[in-house]
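**Q** So the chains spell out like this:
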Amino acid sequence: MIAGLRIVVLGLGLALALALFAGPVPAQVIDNPLADPAAEARARDISRTLRCLVCQNQSIEDSNAPLAQDLRQIVRERVQAGDDDEAVRRFLVARYGDWVLLRPPFRGATLMLWVGPVLILVAGGAVVALLYRRQRRQTAAPAPLSPEEAARLAALTGREQTPS
Amino acid sequence: MTTEPADKPEKIIRWSFILPIATFAALAAALGVGLTLNPREIPSALIEKPVPQFALPGLGERPEGLKTADLASGKPQLVNVFASWCVPCRVEHPMLMDLARRGVVINGINYKDDPGAATAWLKQDGDPFARIGADRQGRVSIDFGVYGVPETFVITGDGRIAYKHVGPLTEDAIKDKIVPLLGLK
Numbered sequence: 087m088i089a090g091l092r093i094v095v096l097g098l099g100l101a102l103a104l105a106l107f108a109g110p111v112p113a114q115v116i117d118n119p120l121a122d123p124a125a126e127a128r129a130r131d132i133s134r135t136l137r138c139l140v141c142q143n144q145s146i147e148d149s150n151a152p153l154a155q156d157l158r159q160i161v162r163e164r165v166q167a168g169d170d171d172e173a174v175r176r177f178l179v180a181r182y183g184d185w186v187l188l189r190p191p192f193r194g195a196t197l198m199l200w201v202g203p204v205l206i207l208v209a210g211g212a213v214v215a216l217l218y219r220r221q222r223r224q225t226a227a228p229a230p231l232s233p234e235e236a237a238r239l240a241a242l243t244g245r246e247q248t249p250s
Numbered sequence: 004m005t006t007e008p009a010d011k012p013e014k015i016i017r018w019s020f021i022l023p024i025a026t027f028a029a030l031a032a033a034l035g036v037g038l039t040l041n042p043r044e045i046p047s048a049l050i051e052k053p054v055p056q057f058a059l060p061g062l063g064e065r066p067e068g069l070k071t072a073d074l075a076s077g078k079p080q081l082v083n084v085f086a087s088w089c090v091p092c093r094v095e096h097p098m099l100m101d102l103a104r105r106g107v108v109i110n111g112i113n114y115k116d117d118p119g120a121a122t123a124w125l126k127q128d129g130d131p132f133a134r135i136g137a138d139r140q141g142r143v144s145i146d147f148g149v150y151g152v153p154e155t156f157v158i159t160g161d162g163r164i165a166y167k168h169v170g171p172l173t174e175d176a177i178k179d180k181i182v183p184l185l186g187l188k
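Quick note, the sequences are listed as chains B and V, same order.
Residues 87 to 250, numbered by our numbering, are exactly what the first sequence covers, in order.
Residues 4 to 188, numbered by our numbering, are exactly what the second sequence covers, in order.
The shape of chain B in the complex, shown without the other chains:
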């Protein structure tokens, strides 16, 4: 029983290890920083705005994926070649689409992304305000009792109604 379990656990561990090492993992590339510290800092700033295509939720600056290292190197080359920040980003957008930008551009297809939250907030606020107002109107002070009603209430409760 225990031996069987041990084999199962061993098998799972082996499968996990294989799964982890089966992916595309070529040799590590070591970054070659630019000689000019200002240019290197600018390249790093640009890299921080670019999304890693392999890890998806990391910037290429933060990612250890070999492709991210290649892309960092390309960013450095473009900076070295004199491209401004936007031109570097355009270079990568031409190959990988808006997807590589961690901050999506404002345009037709991304309109809902940018405006959607504000719209939802405004619509939600309007609904709340509307319901609040209706409720206030419904729970407004009732009309004062007519003399007949006051007399009937007095008869039922056995005491004079004090006007409130």
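Just so you know, the hints here were simulated from the structure itself, not pulled from any lab data.
All figures in this text were calculated on a predicted structure; none of them were measured in a lab.
Mixed in with the good hints, there may be bad ones.
To be verified - Computed footprint of chain V on chain B, listed as stretches where at least three residues anywhere in the stretch have a Cβ under 8 angstroms from a Cβ of chain V: (1) 133-147; (2) 150-158; (3) 234-243.
Said to hold, decoys possible - Every beta carbon over 10 angstroms from chain V, so not counted as near; a handful from chain B, in silico: (4) Leu120; (5) Gly183; (6) Asp184; (7) Leu199.
By construction, the Cβ of each residue, glycine as well, lies at the ideal position given by its N, Cα and C atoms.
Chain B is fixed; fit chain V onto it per the hints.
**A** Coordinates of chain V only, in the frame set by chain B:
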């Protein structure tokens, strides 16, 4: 204030029930569709665009290499980015062999591979490629927008990228997308 029509508060209540439920249903439907999409699949920015300008050296005993002009031959072809170290490439390999047998021109881009290992693998498992370019730095693959091997491109006769498949080919992708674009039977 008893002058309000009796049905009005009822109507408000009905709406205050329907609206949140309708909003929830719409949101659930949209997110439900989102769950069926594969977030790993990044749409190619190069669809309909001409193949990038490149010229790659050949692989081992096949020095002819692969360049942009090879891909505008007047007839649709495939470009397959592969590597001998890439496990999914071995999964799709029989499908490439099958396409090659059916007369499809398949061009290989050998991504960041050891030429010896690549040659040995193709010798052992079969070589479906009409031409092979060795992309040892991976730069040409980046120009193609490749972000993981394998990737397969359908190139039109005039050298434009018609379709990209990310990951190992599947029978469905071949049947539904690639074969029609290649104009096979």
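**Q** Against each hint, give a clear statement of whether it holds in the structure.
**A** Hints, one by one, checked against the model:
1. 133-147: holds (count 3)
2. 150-158: Coverage by chain V holds here, the residue count being 4 at a Cβ distance below 8 angstroms.
3. 234-243: Our answer is that it is violated, as 0 residues pass the Cβ test (under 8 angstroms) against chain V, missing three.
4. Leu120: holds, 18 angstroms
5. Gly183: violated, 3 angstroms
6. Asp184: violated, 8 angstroms
7. Leu199: Consistent with the label, Leu199/B stays out of reach of chain V, its closest Cβ about 13 angstroms off (over 10 angstroms).
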